[in-house]
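Visitor: Start from chain A and add chains B and C according to the hints.
Residues per chain, in single letters:
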Amino acid sequence: MRQRTRLLKIIFVFFLLVVPSLDLSQVRERFPKPDFQTDYVRPNLITPATRSPILEYMDIFVLVAVLFLVTYSAHKQRSRRQIFLLMVFSLVYFGFYRKGCVCSVGAIQNVSYALFTSAYAIPFTVIAFFVLPLIFTLFYGRTFCAAVCPLGAIQDAVVLKPTKVPAWLANVLGVIPYIYLGLVLLFAATGAGFIICQYDPFIGFFRFGASFGMVIFGLSMLLLGTVVARPYCRFLCPYGVLLSWMSRLSKWHVKITPTECNNCRLCEESCPFGAIKKPSETVHLENRQAEIKRLAVLFVLLPVVLIGTGWIGSRLNIPLSRQHFTVSLAEEILLENSGKRTEMTDATTAFRAAGKPTEELFEEARIIQDKFKVGGWIVGGFIGLIIWIKLINAFIRRKQPEYYIDTGMCLSCARCFSYCPYEQVRLGIITPEEADKLGTRKVKIKQFRA
Amino acid sequence: MNRRNFIRTGFQAFAGLTIGGIAGLLFSRSSSEEMVWQLDPNLCVQCEKCSVNCVLPNSAVKCVHSYSMCGYCDLCSGYLQPGAKARDTGAESQLCPSGAIKRTFIEDPYFQYTIDEDLCIGCGKCVKGCDSFGNGSLYLQVRHDRCLNCNQCSIARLCPSRAWKRVPASQPYILRGDESKRYLES
Amino acid sequence: MDDNKNKTSRMGYNIAKRIALVAAVFAAILSILMIANYIQTKAVDPLNSKAISQLMEQLQENPNDTALKEQIRALDLLARKAYFTHQWQLRTGSYLLFVFVLVLLLSLKYMSSLESKLPDLSESPSPDETTENRLLSRQYLIFGGAGLFVLAFVLGILSQSELKNIGIFRAEESAKAAGFPGINEIRDNWPAFRGPEGNAVAYNTDVPTEWDGRSGKNILWKVPIPHPGYNSPILWGKKIFLTGADRKTQVVYCIDAESGKILWQAEMNDIPGAPGGRPDVTEDTGYAAPTMTTDGQRVYAIFATGDLACFDFDGNRIWAKNIGKPDNHYGHSSSLITYQDLLLIQFDQNTGGYLIALRSSTGDLVYDKSRDVEISWASPIVVNTGSRTEIILNSNPFVVSYDPRTGQELWRVKCMQGEIAPSPAYADGMVYVVNDYARLAAIKLQDTPVVAWEYIDDLSEVSSPLATKNLVIMAASYGTVTCFNGKTGERYWLHDFDDGFYSSPILVGESVYLMDISGIMSVFKADKKFQLISRSELGENAMTIPAFKQNRIYIRGEKHLFCIGNELEQF
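Residue numbers (the numbering used here), protein chains in the order written: chain A, 1 to 450; chain B, 1 to 186; chain C, 1 to 571.
Looking at chain A on its own, in the form it has when it is part of the complex (with noise of 0.2 Å):
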């Protein structure tokens, strides 16, 4: 036995000499499997088994039954509280009990891998998370903002002393998540990473964990959302465009007063995120044919803008593409083979050792770069066009005689409900001469606590 020891100690020595140079990755069995004379059994390996399928189902059935709840409140029920409470369950359950994955947000990124990929099979509740709070959006607005998505629950339930952003400035920033949500899609279907995830502010609260950037990120985000309500939501959120196109065309709305409006200004300052809009001034412009003059002329530049703005998307695909790992791998491997960079890194050491040829990682490297000019022109283009259809609606002018919510914006939160004397008289609070009376303003209302 003796002597064996020794052997083995040669051998190791013999192998500290000699394989540093072989490929570290192959196994060998060295060294034979020992008999053994004692009645030793050999461990088993314990695997500990993935989350339960059942559980994943119960995911899929607390968002359906979330989501159904917060309408019924928002819609029904019409209350504030209610959806409140919903929205910290939402906060509690799909932030810190699931630790904020998988989100609908995020799953965006699966939908367009998975689209461009067809080796990736996107599970089940992954495209129940995309697609569900689109249909009830589609029927009734925004109601998984008010209260089922982590996100924007978290970030609702900082909203201390809202400020309101100028209707020019919000109009403006909301280019923002139109931007991102082309650049989301644009890397997720070239396979170069998923964005969101990776610059998800709020993800680390629910873990009670995160790089030191993402905890930067998140607080600073929550002391803006204190004075700026939901900033993610409203000038972040790609999610949130699909949500609004869907809440545009929504078929059943939330309405501020359960009767009607008679105008008597009190919900006015309700919504902190802007959606609801004063009816507009009725100035007469002098300059009336200049104006129409140059809406002809954005009409007509529109195609001159969407080509330029492609053009230039297409552009970038050299720096975009350096996000994804084959690309940025290819570069360094080529930077070494010119002898331009000494130094090799992990993952071109590891390439090396892996002996594949570099013709073809650069052929796939190339194909990836053709595929994000594809992929450029259309985000280019994209963005050319939501900024020139912001651009077009600040010259069309409409009668807006009455206030009225701006769908797209509206999350259902059911906030300015209780500010409406029909609401009140609804909920038994006033009588409805009292509510008539408003119109005259002369009445205190009894505020809800919200």
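Treat the hints with caution; some may be incorrect.
Lysine-lysine pairs mimicking DSBU-like chemistry, simulated, CA-CA at most 30 Å apart [as the list claims (entries may be wrong)]:
#1 B:Lys102 x C:Lys109
#2 C:Lys81 x A:Lys99
#3 B:Lys181 x C:Lys325
#4 C:Lys325 x C:Lys238
#5 B:Lys85 x C:Lys50
#6 A:Lys33 x B:Lys102
#7 A:Lys371 x C:Lys109
#8 B:Lys102 x A:Lys356
#9 A:Lys161 x C:Lys50
#10 A:Lys437 x C:Lys7
#11 C:Lys248 x A:Lys356
#12 A:Lys373 x B:Lys165
#13 C:Lys81 x C:Lys42
#14 B:Lys85 x B:Lys165
#15 A:Lys278 x A:Lys399
#16 A:Lys99 x B:Lys165
#17 A:Lys356 x A:Lys373
#18 C:Lys17 x A:Lys164
#19 B:Lys128 x C:Lys7
#20 A:Lys161 x A:Lys293
#21 B:Lys85 x C:Lys81
#22 A:Lys371 x B:Lys165
#23 C:Lys529 x C:Lys559
#24 C:Lys109 x A:Lys277
#25 A:Lys76 x A:Lys278
#26 C:Lys109 x A:Lys76
#27 C:Lys414 x B:Lys128
#28 A:Lys33 x C:Lys248
#29 A:Lys277 x A:Lys371
#30 A:Lys161 x A:Lys278
#31 A:Lys164 x C:Lys42
#32 B:Lys49 x A:Lys356
#33 A:Lys356 x B:Lys128
#34 C:Lys81 x B:Lys49
#35 C:Lys17 x B:Lys102
#36 A:Lys161 x C:Lys559
#37 C:Lys248 x B:Lys181
#38 A:Lys356 x C:Lys217
The set of hints was computed from the structure by calculation and includes no laboratory data.
Guide: Showing chains B and C alone in chain A's frame:
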């Protein structure tokens, strides 16, 4: 029905059909199974990044041990420092920075090595040792009782050897040795 | 009553305010502590402590210093404790912080809920859609949008990718190919299966016609080759290369052509990317059927596992890779061949074939041309047909020719069937292909190559045909040798030998050397009439192709490598 309403209904139908179409397309490519993250030990290069890149403070990647492959060596290159003078359990002899490997005497000259997962930080130092000089019975795996299964695994994103992939939840480990067979059977 | 309510709400407000203040102070203190903790652990990573590694180095020098050992142990324990304590602190800290922030939030929310959010109704409402707002919207949309796209444009212009310029590197590299040996140097050596260009012709030789392996007559040396292999020796300068393999081991041998000494041998069991588990092969093919090749600078070897490696002449491995486990029910046996700076591999499998070209200096893929043919065991020939160089592959059902530089297909003729082992032969504008149960087909190269003539009896099963300027000779595995007029297909003669042929006829000067399965070499005239010159025994079975150089023949038998030369010339 006026024209405005008609157009609106048209758009609604369009939106509904689009969602339905995408959903249908996705269902045709979907798997009823959840996908989970796992790393392929055959591609792993033991860069030690698994121990720091996980979103959990204590990484969900741990070292596992395929006992069926282990040589039960006295001179274990996964347990002992490369230049270790003595084959004992002293800190100066141990390779593991957190002392997560337990060495137990079985019979002359065999020793069993057991991983204490609560102490293991998933750095893969022992894996490198075992892979380079031993049978390769020590290797890294995602432990699914710890993994949060993030949509985009932050270790996978930064893995230099692309060893990470999504695997079906029913087969969530990529094991070595007889353990892999047993695992496939069950 | 209203007053009472006011009072309670004011009291609630004040209490909430105090709670908020306390929670905020605690949260702030906790945050500072956690940040300090974070910075501290970032600064000193307890698990990769420098102090410990320094002590470890010291220990390497004085391995018996027990005090040092104790110090390391203590420090290590401290470091580990620090690490896990830090984790505990961070976790507990964040839970505590969460609670404080929650309290703070709740009290702040309560406070804000007491504040009225009613608009100032004394003033007339300021509408959202004011002209001013519109103008600002327009302005910032235009400026913002323009700024964004200008920025994107500049970024796009500034970033360059070297990946696009790889084509240029490629051209430069092929210019380097000029350093490769010319055709004359190649013909002075025996660089591949069936000699220079793979065409079974030995040039500039003066070899004996008679020997005897049993008595040792004209046998200059013989050495045992440890591992079996049906591959044939190749030769460059004074070095012979061949391979041997069994299920476990793959070896490349380099043998001194003068003495027969094994100069070096290299095991190839650690090829990057090699799949686990060796493929199953039949005994008559083995793991080392493909013959090596050389371009005069390096040697290349491939095995039935798909493991491929490149060595320099001194046995240093330049590169190695696995090109995929061949799906081959007998075992991969197509031999390698080079053209300038390219290494070419006929890789026909059950699941689709490829012509693979690798950069011989690096092993990088240059092209892999997919082939719509059945599996085959034949080897390619690289010949200059006058106007261009072609690589010609025999396979079922097509015989296909490619441009070796690009892998572009030049022509194809459908004339084969079955499991093809014989390689093509080329002479004077004609390509000859044969397979058992198919035909011997003579393909005339012209704008559209066609089968000029064919012959369907006494066909060769393994042995490749030999083509000279006027003649075609083929040897069947049951012992017949047939000779034809290469242009017309007229049969000149047929001779029945005792034993069958797996080896192939080689043209050496005016004679044809052809060895049968039992190792007996028949030498006969390359002529319209059959004229046997000699028959010499090797003394052991042989299925390989002999290598010829100057006045030596090198033959690999079942167990030994023989060197045959004129003994009298030695002295």
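Visitor: Now tell me, hint by hint, if it's right for this structure.
Guide: These are the hints, each one checked on the structure:
Note on Lys102 (chain B) and Lys109 (chain C): the hinted pairing is violated, with a Cα-Cα distance of about 52 Å set against a maximum of 30 Å. Note on Lys81 (chain C) and Lys99 (chain A): the hinted pairing holds, with a Cα-Cα distance of about 28 Å set against a maximum of 30 Å. At roughly 22 Å between alpha-carbon atoms, Lys181 (chain B) and Lys325 (chain C) fall within 30 Å of each other, so this suggested pair holds. The hinted pair formed by Lys325 (chain C) and Lys238 (chain C) fails the criterion: a straight-line CA distance of about 33 Å is larger than 30 Å.
Restraint check for Lys85 (chain B) and Lys50 (chain C): satisfied, since their Cα atoms lie roughly 20 Å apart, inside the 30 Å limit. Of the pairs offered as hints, the one joining Lys33 (chain A) and Lys102 (chain B) holds, with about 19 Å between alpha carbons and a cut-off of 30 Å not exceeded. For the proposed pair Lys371 (chain A) and Lys109 (chain C), the alpha carbon gap of about 49 Å is over 30 Å, so the pair is violated. With a C-alpha separation of about 38 Å, the suggested pairing of Lys102 (chain B) with Lys356 (chain A) is violated against the 30 Å cut-off.
A distance of roughly 50 Å separates the Cα atoms of Lys161 (chain A) and Lys50 (chain C); the hinted pair therefore is violated under the 30 Å criterion. Proximity of Lys437 (chain A) to Lys7 (chain C) is assessed by CA-CA distance (about 28 Å); at most 30 Å being required, the pair is judged to hold. Restraint check for Lys248 (chain C) and Lys356 (chain A): the C-alpha separation of about 24 Å stays at or below 30 Å, so the hint holds. Taking the CA atoms of Lys373 (chain A) and Lys165 (chain B), the gap is near 26 Å; set against the 30 Å cutoff, the hint holds.
In summary, the hint linking Lys81 (chain C) to Lys42 (chain C) is supported, as the alpha carbons are separated by about 16 Å, within the 30 Å threshold. For the proposed pair Lys85 (chain B) and Lys165 (chain B), the alpha carbon gap of about 40 Å is over 30 Å, so the pair is violated. Restraint check for Lys278 (chain A) and Lys399 (chain A): the C-alpha separation of about 11 Å stays at or below 30 Å, so the hint holds. Annotation: proposed proximity of Lys99 (chain A) to Lys165 (chain B) holds, straight-line Cα distance about 21 Å (limit 30 Å).
For the suggested pair Lys356 (chain A) and Lys373 (chain A), the alpha carbons sit about 26 Å apart, so the restraint of at most 30 Å is met. Only pairs whose Cα atoms come within 30 Å are accepted, and Lys17 (chain C) paired with Lys164 (chain A) is accepted, the gap being roughly 24 Å. Distance check on the hinted pair: Lys128 (chain B) and Lys7 (chain C) sit about 71 Å apart at the alpha-carbon level, beyond 30 Å; violated. In summary, the hint linking Lys161 (chain A) to Lys293 (chain A) is not supported, as the alpha carbons are separated by about 43 Å, beyond the 30 Å threshold.
About 25 Å separates the Cα atoms of Lys85 (chain B) and Lys81 (chain C), which keeps this hinted pair within 30 Å; it holds. Proximity of Lys371 (chain A) to Lys165 (chain B) is assessed by CA-CA distance (about 22 Å); at most 30 Å being required, the pair is judged to hold. As the CA atoms of Lys529 (chain C) and Lys559 (chain C) are separated by approximately 35 Å, the hinted pair breaks the 30 Å bound. Proximity of Lys109 (chain C) to Lys277 (chain A) is assessed by CA-CA distance (about 26 Å); at most 30 Å being required, the pair is judged to hold.
The straight-line distance between the Cα atoms of Lys76 (chain A) and Lys278 (chain A) is roughly 25 Å, inside the 30 Å bound, and the hint therefore holds. Among the hinted pairs, Lys109 (chain C) with Lys76 (chain A) is consistent with the structure: their alpha-carbon atoms are about 26 Å apart, no more than 30 Å. Under the criterion of a C-alpha separation no larger than 30 Å, the hint pairing Lys414 (chain C) with Lys128 (chain B) is inconsistent with the structure, at around 54 Å. Taken as a hint, the Lys33 (chain A) and Lys248 (chain C) pair is honoured in the structure, with Cα atoms around 18 Å apart against an allowance of 30 Å.
Proximity of Lys277 (chain A) to Lys371 (chain A) is assessed by CA-CA distance (about 42 Å); at most 30 Å being required, the pair is judged violated. In summary, the hint linking Lys161 (chain A) to Lys278 (chain A) is supported, as the alpha carbons are separated by about 21 Å, within the 30 Å threshold. The suggested pairing of Lys164 (chain A) with Lys42 (chain C) is violated, with an alpha-carbon distance near 41 Å, which exceeds 30 Å. At most 30 Å may separate the alpha-carbon atoms for a hinted pair to count; Lys49 (chain B) and Lys356 (chain A) meet this at roughly 23 Å.
The suggested pairing of Lys356 (chain A) with Lys128 (chain B) holds, with an alpha-carbon distance near 22 Å, which does not exceed 30 Å. Proposed proximity of Lys81 (chain C) and Lys49 (chain B) is supported: the alpha carbons are some 22 Å apart, at most 30 Å. Proximity of Lys17 (chain C) to Lys102 (chain B) is assessed by CA-CA distance (about 54 Å); at most 30 Å being required, the pair is judged violated. Between Lys161 (chain A) and Lys559 (chain C), the direct Cα distance comes to roughly 92 Å. Violation of the 30 Å bound is thereby established for this hinted pair.
Our distance criterion of 30 Å between C-alpha atoms is met by Lys248 (chain C) and Lys181 (chain B), whose separation comes to about 23 Å. Taken as a hint, the Lys356 (chain A) and Lys217 (chain C) pair is broken in the structure, with Cα atoms around 50 Å apart against an allowance of 30 Å.
Violated hints, in rising order: 1, 4, 7, 8, 9, 14, 19, 20, 23, 27, 29, 31, 35, 36 and 38; the structure is consistent with all others.
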